[in-house]
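Colleague: Sequence:
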Amino acid sequence: MKLILGNRNYSSWSLRAWLAAKQSGLSFEEIIVPLFGENWEAQKDENDLQPSSGKVPILWDDEVVVWDSLAILEYLGDKVGADRFWPKDPVARGMARSLVAEMHSAYADLRQELPMNVRRRVEGATISARTRSDIVRILGLWAEARARFGKGGPFLFGSFCAADIFYAPVVSRFVTYGVKVPGFAEAYMEAVWEHDWMQAWINAAEDEEWTIAQYDTALTG
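Note that the sequence shown covers residues 1243 to 1463 in the numbering used here.
Honestly, the hints are just simulated from the structure, not real lab data. These numbers were taken from a predicted model, which means no experiment stands behind them. There could be a bad hint or two in this list.
Claimed, not checked - In the DSSO-like style, the derived pairs of lysine-lysine whose C-alpha atoms are separated by at most 27 Å in a straight line are: (1) K1393 to K1264; (2) K1393 to K1422; (3) K1297 to K1244; (4) K1330 to K1264.
Please construct the entire structure, taking both the sequences and the accompanying hints into account.
Modeller: If you want it as structure tokens, here you go:
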């Protein structure tokens, strides 16, 4: 298999697909495509990126091609078993699927105002009321998951699962923009941030030389 990713520093959806691939336990080749670089328009038309119209991430598995991070996670779950990605308890699994789906489809204000930027730290940022509303909603979901299903470990449903994969970029955003969170969320964020796979991604992002100006100047406090 080969997984085509965007810049590690900026591409939240690439992080999700990469974490899903790591969670699968399958071997895969990583190919990084610098987003919005000098050759970006030409690269979008290359064979490996054509099925997704140039969007990343995209997974190739022999003749199978899957794009969109949630589709990639589900495809990998079909290959190795869904229990590797989702809680076994059906009640917990129902909530985990809902959290993932909501993250996949919602929080437009959070995404736009607080773009992922692993290397950056912003102090004193003024966050809009609409983005604050997104943050409050996410913290509420984290609190409920941890309270109901988190007794088996430090992650949302105890063990690391699809929900943590999909909220990992949110953890990164909260770190970048200094979002104040309650103690339980601090502990959860630390568990995600210190995860071996997350640390590997962070270290690789810090080594990248590519920059995207619009994301490096967002929400300057």
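Colleague: Each hint: holds or not?
Modeller: Taking the hints in turn, this is what the structure says about them:
1. Between K1393 and K1264 the alpha-carbon distance is near 24 Å, which keeps this suggested pair within the 27 Å criterion.
2. Distance hint between K1393 and K1422 is fulfilled; the C-alpha atoms sit about 24 Å from each other, no more than 27 Å.
3. Proximity of K1297 to K1244 is assessed by CA-CA distance (about 15 Å); at most 27 Å being required, the pair is judged to hold.
4. Between K1330 and K1264 the CA atoms are separated by roughly 19 Å; this keeps the pair inside 27 Å, and the hint holds.
In the structure shown, no violation is registered for any of the earlier numbered hints.
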